[in-house]
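Line by line, the protein sequences are chains A and B. The first sequence begins at 1 in our numbering and counts up one residue at a time. The second sequence begins at 1 in our numbering and counts up one residue at a time.
No lab work stands behind these hints, which were simulated from the structure alone. A couple of the hints might just be wrong.
As the list claims (entries may be wrong) - Pairs of lysine-lysine residues, derived as BS3-like cross-links and limited to a Cα-Cα distance of at most 30 Å, are as follows:
id, chain 1, residue 1, chain 2, residue 2
1, B, K168, A, K68
2, A, K135, B, K103
3, B, K108, A, K127
4, A, K127, B, K198
5, A, K68, B, K215
6, B, K185, A, K121
7, A, K126, B, K185
8, A, K37, B, K103
9, A, K157, A, K121
10, A, K126, B, K103
11, A, K121, B, K168
12, B, K220, A, K68
13, A, K79, B, K185
14, A, K135, B, K215
15, A, K68, A, K105
16, A, K135, B, K117
17, B, K215, A, K157
18, A, K105, B, K117
As the list claims (entries may be wrong) - Derived DEER-like restraints, expressed as beta-carbon distance ranges:
id, chain 1, residue 1, chain 2, residue 2, range
19, A, S160, B, R200, 38 to 48 Å
20, B, R200, A, Q101, 44 to 54 Å
21, A, K37, B, Q111, 24 to 34 Å
22, B, E25, A, P20, 22 to 32 Å
Even glycine gets a Cβ: it sits at the ideal position worked out from N, Cα and C.
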Amino acid sequence: MDDLRGIIEALIFASDHPLPAEKIGELLPEATGPQIKEALGQLVEQYRSRAGGLVLSHVAGGYQLRTKEELAPWIVRLKSGKPPSLSTAALETLAIIAYRQPIVKGDIERLRGVDVSAPLKGLLEKKLVRIMGRKDVPGRPIIYGTTRRFLEVFGLKDLSDLPSQRELKDLGI
Amino acid sequence: MSYEIKLEVFQGPLDLLLYLIKKNEIDIYDIPIALITRQYLEHLDKLRSLNLDLAGEYLLLAATLIHIKSKMLLPAEEEPETEEEDDPRQELVEQLLAYQTYKEAYLKIAQLPVLDKDVFKRGNFPQEEPGRKEEEKIEANLFDLIEAFQRILSSWDQAEIMEIDREKINLAEKMNEILSSLEVKDGLSLEELLEGAKTRRRLVYTFLALLELMKQRIIKAYQNVSFGPIRVYLSVA
Numbered sequence: 001m002d003d004l005r006g007i008i009e010a011l012i013f014a015s016d017h018p019l020p021a022e023k024i025g026e027l028l029p030e031a032t033g034p035q036i037k038e039a040l041g042q043l044v045e046q047y048r049s050r051a052g053g054l055v056l057s058h059v060a061g062g063y064q065l066r067t068k069e070e071l072a073p074w075i076v077r078l079k080s081g082k083p084p085s086l087s088t089a090a091l092e093t094l095a096i097i098a099y100r101q102p103i104v105k106g107d108i109e110r111l112r113g114v115d116v117s118a119p120l121k122g123l124l125e126k127k128l129v130r131i132m133g134r135k136d137v138p139g140r141p142i143i144y145g146t147t148r149r150f151l152e153v154f155g156l157k158d159l160s161d162l163p164s165q166r167e168l169k170d171l172g173i
Numbered sequence: 001m002s003y004e005i006k007l008e009v010f011q012g013p014l015d016l017l018l019y020l021i022k023k024n025e026i027d028i029y030d031i032p033i034a035l036i037t038r039q040y041l042e043h044l045d046k047l048r049s050l051n052l053d054l055a056g057e058y059l060l061l062a063a064t065l066i067h068i069k070s071k072m073l074l075p076a077e078e079e080p081e082t083e084e085e086d087d088p089r090q091e092l093v094e095q096l097l098a099y100q101t102y103k104e105a106y107l108k109i110a111q112l113p114v115l116d117k118d119v120f121k122r123g124n125f126p127q128e129e130p131g132r133k134e135e136e137k138i139e140a141n142l143f144d145l146i147e148a149f150q151r152i153l154s155s156w157d158q159a160e161i162m163e164i165d166r167e168k169i170n171l172a173e174k175m176n177e178i179l180s181s182l183e184v185k186d187g188l189s190l191e192e193l194l195e196g197a198k199t200r201r202r203l204v205y206t207f208l209a210l211l212e213l214m215k216q217r218i219i220k221a222y223q224n225v226s227f228g229p230i231r232v233y234l235s236v237a
């Protein structure tokens, strides 16, 4: 393969969602896994060293081209409407779910000390949180967890990519 | 005339308690319960003077604090072997520590660049979603729905023909019917949903199915303006 890097770059560009390395492997049986991994690494590095407007991010288990964070003010001019925003209550709830999933509503409320019905509803609507099932205890409460969309929106590779994950683990919470 | 300077917006009773502990530079493992309880109650009074509806949760924690305080005033029972476990503050401290940890986690998450706000991917402009995001949607309440239903019913001036051969209409079936049509089309207007109903009975059943689905939060009803047309969406895909 002469231009593996170019092909992968084009695939990522054309994809609507973050493109996983495995998917690229399926699409390019001509190349080996290590070759693809290497090309991806080079591409990420290329975008980083080039003083352009884009970065190649590793998010939600795949690769995606995104604009640089500091360029947001200009992109906002292009877009109409206000950017999506989450309330403090919603973010707190989301943080608890992200770190403690799978978790039932009662446990979230115990941690926050307040009712979380409203923020939870908003998070479900924004598809940042999903229902994972029901817990097999009396009342069969619903179990919540974060979605792939959550990873995509917050630019996380996977759940282990969450900030201060280790410190939280150390506390044994 | 008193001047309220600034009241932090608290995310709940634990948040307020944590704030007081930080403000007083108190060791979280050794909370002077009398002082904290007094300040906590003072804050509740301030909140009340602002005419904020005091949620039960705040009062619950106030009660917990007073309970702990009274427990600490009582002489300890003669069970020296459980001395470590005996601190009545322990449960509260654990709750506070857990909350503090998640508050830090939340602050970290809040700092992450957010897609469509700080970073953008290729051409996914919100306005491309047809007609849905153009206007801020208002969630329709029960009364909007009933009113719309009555409008449809009254526009249905066709004289009711008495049917002897009653068809069996099943509410569950009707609910599934609505759900499957919503899966095909993203959002339907109330009129579209009730269109197929040829008899008053069917109309009523469809409406009942709609209400049941809303009650179970499987679907949601929205309107763009008050008294505007109501559209129904699946709430979680």
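Structure-based check of each hint:
{"no.": "1", "hint": "B:K168 / A:K68", "in the structure": "violated, 60 Å"}
{"no.": "2", "hint": "A:K135 / B:K103", "in the structure": "holds, 26 Å"}
{"no.": "3", "hint": "B:K108 / A:K127", "in the structure": "holds, 21 Å"}
{"no.": "4", "hint": "A:K127 / B:K198", "in the structure": "violated, 37 Å"}
{"no.": "5", "hint": "A:K68 / B:K215", "in the structure": "violated, 43 Å"}
{"no.": "6", "hint": "B:K185 / A:K121", "in the structure": "holds, 23 Å"}
{"no.": "7", "hint": "A:K126 / B:K185", "in the structure": "holds, 19 Å"}
{"no.": "8", "hint": "A:K37 / B:K103", "in the structure": "violated, 37 Å"}
{"no.": "9", "hint": "A:K157 / A:K121", "in the structure": "holds, 25 Å"}
{"no.": "10", "hint": "A:K126 / B:K103", "in the structure": "holds, 22 Å"}
{"no.": "11", "hint": "A:K121 / B:K168", "in the structure": "violated, 36 Å"}
{"no.": "12", "hint": "B:K220 / A:K68", "in the structure": "violated, 36 Å"}
{"no.": "13", "hint": "A:K79 / B:K185", "in the structure": "holds, 27 Å"}
{"no.": "14", "hint": "A:K135 / B:K215", "in the structure": "holds, 22 Å"}
{"no.": "15", "hint": "A:K68 / A:K105", "in the structure": "violated, 36 Å"}
{"no.": "16", "hint": "A:K135 / B:K117", "in the structure": "violated, 35 Å"}
{"no.": "17", "hint": "B:K215 / A:K157", "in the structure": "violated, 37 Å"}
{"no.": "18", "hint": "A:K105 / B:K117", "in the structure": "holds, 28 Å"}
{"no.": "19", "hint": "A:S160 / B:R200: 38 to 48 Å", "in the structure": "violated, 58 Å"}
{"no.": "20", "hint": "B:R200 / A:Q101: 44 to 54 Å", "in the structure": "holds, 48 Å"}
{"no.": "21", "hint": "A:K37 / B:Q111: 24 to 34 Å", "in the structure": "holds, 30 Å"}
{"no.": "22", "hint": "B:E25 / A:P20: 22 to 32 Å", "in the structure": "violated, 49 Å"}
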